[in-house]
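Enquirer: With chain A's structure known, arrange chain B on it following the hints.
Heads up: the sequence lines are chains A and B, in that order.
In my numbering, each residue carries its 1-based index in the first sequence increased by 40.
In my numbering, each residue carries its 1-based index in the second sequence increased by 24.
Worth flagging that the hints you see were computed from the coordinates, not collected in a lab.
By construction, the Cβ of each residue, glycine as well, lies at the ideal position given by its N, Cα and C atoms.
A portion of the hints provided could be inaccurate.
[To be verified] Simulated restraints on C-beta separations: (1) R64(B) to P62(A): 53 to 61 angstroms; (2) L66(A) to R202(B): 47 to 55 angstroms; (3) M175(A) to P134(B): 36 to 44 angstroms.
[Said to hold, decoys possible] From chain A, some residues computed to sit far from chain B (all C-beta separations above 12 angstroms): (4) L69; (5) A74; (6) A83; (7) Y160; (8) I232; (9) G255; (10) V321; (11) L332; (12) W337.
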Amino acid sequence: MGAPPDISAAAAFMERRHRWRPAEALPWLAAVAAFFLFPDYTAFGTQVLIMILFALSLDLIMGYAGIVTLGHAAYFGAGAYAAGMLSAHLGWGEPLTGLMIAGLTAAAVGFVSGVVLLRYHGLTLLMLTLATAIMLQELANVQEEITGGFDGLLGISIDPIFGLFENDLWGRTYYWYALIVLFALFLIARRIVYSPFGQSLSGIRENVGRMHAIGSPVHRRLVTVYTISAGMAGIAGGLFAQSNAFVTLDVLSFARSGAVLIMLILGGTGRLYGAFVGATVYMVLEDELAKLSPEFWEFGIGLLLVLTVLFARRGLLGLIEDLGARFGKAKP
Amino acid sequence: MADAPALELAAVSAGYGETVVLESLDLRLAQGECVSVIGRNGVGKTTLLATVMGHTVLHGGAISLNGADIAAAPAHRRARAGLGYVPQEREIFPSLTVRENLTVAAKPGPWDLSRILDLFPHLAERQANRGNQLSGGEQQMLAIGRALMGNPSVLLMDEPSEGLAPVIVEELQRSMVRLRDEAGLTIVLVEQNTRVAFAFAERTIVMNRGRVTFDGASAELDADHDLLDRLIGVGAA
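This is chain A alone, in the form it adopts within the complex (with noise of 0.2 angstroms):
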């Protein structure tokens, strides 16, 4: 046996990778920057918040465990439905314990087909995941009396938050609230996708049947990630609940498990702030495409896919590294 290996430069590397890099600070830096920049547009940035939490959910089953689906908006309109119909129905207004209950009510819909669906793979699974919104969707249309059906639900009312922070017309204290909810919910993401568990999911991702030699569990897992996004995305449905006193049932529609799919993939996959630079280009690229023309919006959404997915195929963050790495600096 020769002397021990010196470890200590790696183990020290290995530390460094997990810990929160300046770079980091970067798009929470600009969300508040963005709140005193564009006071006009505090309402949409709220939904612009919204919207990355919700595509963060997906990285978290897409980007990190491979689990490709087209009916994420089933966990989405499951936490609206769950917020909207505690204030409109029960009279539960409080926004804290109301988003609790979105995310606990997403997360047992989430659990509950998750043990089904995860036992499939590729197109099969994807055809589920479609059926599984659809069908919920359907439930939500025919059971009009507690869901409001296609004219949507009415009489929602949240209380002030903690009593103190009422919403006020342009959505400011809103944009503070769906700002505190994402970081809080980023924090536990971030650490699920650099914890062993995070690792197994990656390992689950890149080759399924070395992870069953190996000895892992790998439904279990798959599971246990799928009900943690649908949680997720849930209290993304809460918020949005809550944030528009609104729910139709465009929240559980096809589109909006399309559009989430997109703002993913044009953000960057695997990689956490994916979802932050997709959703935000994806919001605002709407919001200005809509100005310009109201009926060929989607042109252009469309035309950016097509450039990322055949320029990009990492996404716009990922072409962002790249090119800081083509010209020198230190990958973010």
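Expert: Chain B alone, transformed into the frame defined by chain A:
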């Protein structure tokens, strides 16, 4: 079950779908015993290991690990029961670092990160690198290390020297010999390189057409090249 064989296959027939590759194969390994398995390409060596791991269709026979029947268990339960598998293709997780590739497989036991890095000093120097940045030899060391992190009682290795430069094979051999002598593991080594196979284990099994055609001392085969020629149809490598 201290007296039970570490691994026992009785009249095992197995293959892929309807195709039968292994035919009524018997194999019994005592606790701590090491055996090399040799044979021409396509005789069923890899299928033997894949069958033990539960990656093939078992058409008949029994498989037990430390006395427990594992024939119907899925692969991850076999791994949890004490099987470690180093596949021929290595199958390193490319986006995980060396350290993450090891820790993702960690289970409590004598093999931990520091012991793996001591066995493979090369990996210690590269532990911050991603799996896709490693050479073939380093990937092979990592594949063995990852299997050991699961603290198996029986380790199955499929042609670890394949495609490696001679100098790397020698380094790998030294680590494998240390593993054999110090770990007390039961090891099945499938190997095309007869020199490596004979040096590693005192017992060698020769396979042909899915059956065991020789089961005896490695030294006997090493000394009798005519016998080796008859069994596998080629001279010693």
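Enquirer: Between M175(A) and P134(B), does the beta-carbon spacing fit 36 to 44 angstroms?
Expert: Once the Cβ atoms are compared, 51 angstroms apart, the range 36 to 44 angstroms for P134(B) and M175(A) is violated.
Enquirer: Looking at A83(A) again, its CB stays over 12 angstroms from all of chain B?
Expert: A83(A) is indeed farther than 12 angstroms from all Cβ atoms of chain B, at 39 angstroms.
Enquirer: Between the beta carbons of R64(B) and P62(A), is the distance compatible with 53 to 61 angstroms?
Expert: holds, 58 angstroms
Enquirer: Just double-check I232(A) for me: nearest Cβ-Cβ distance to chain B has to come out over 12 angstroms.
Expert: I232(A) clear of chain B: closest Cβ-Cβ about 14 angstroms, beyond 12 angstroms.
Enquirer: Please settle this one: L332(A) was flagged as non-interface, so is its CB more than 12 angstroms from every CB on chain B?
Expert: The claim holds: L332(A) sits with its nearest Cβ about 40 angstroms from chain B, beyond 12 angstroms.
Enquirer: Classify the label on L69(A) as holds or violated, using whether its beta-carbon is more than 12 angstroms from each beta-carbon of chain B.
Expert: holds, 28 angstroms
Enquirer: Going by Cβ atoms, does W337(A) stay more than 12 angstroms from chain B at every point?
Expert: Given that every Cβ of chain B is farther than 12 angstroms from that of W337(A), nearest at about 36 angstroms, it holds.
Enquirer: Measuring Cβ to Cβ, find out whether V321(A) lies farther than 12 angstroms from everything in chain B.
Expert: The claim stands: V321(A) keeps its Cβ more than 12 angstroms from every Cβ of chain B (closest is about 25 angstroms).
Enquirer: Using Cβ atoms and 12 angstroms as the threshold, tell me whether A74(A) really stays out of contact range of chain B.
Expert: Holds, since 32 angstroms exceeds 12 angstroms.
Enquirer: G255(A): least C-beta distance to chain B exceeds 12 angstroms?
Expert: Answer for G255(A): violated, closest chain B Cβ roughly 3 angstroms.
Enquirer: Any Cβ of chain B at or closer than 12 angstroms to Y160(A), or is the non-interface label fine?
Expert: holds, 16 angstroms
Enquirer: Regarding L66(A) and R202(B), is the given constraint of 47 to 55 angstroms on their beta-carbon distance met?
Expert: holds, 48 angstroms
The structure fails hints 3 and 9 (numbered hints given earlier, in ascending order).
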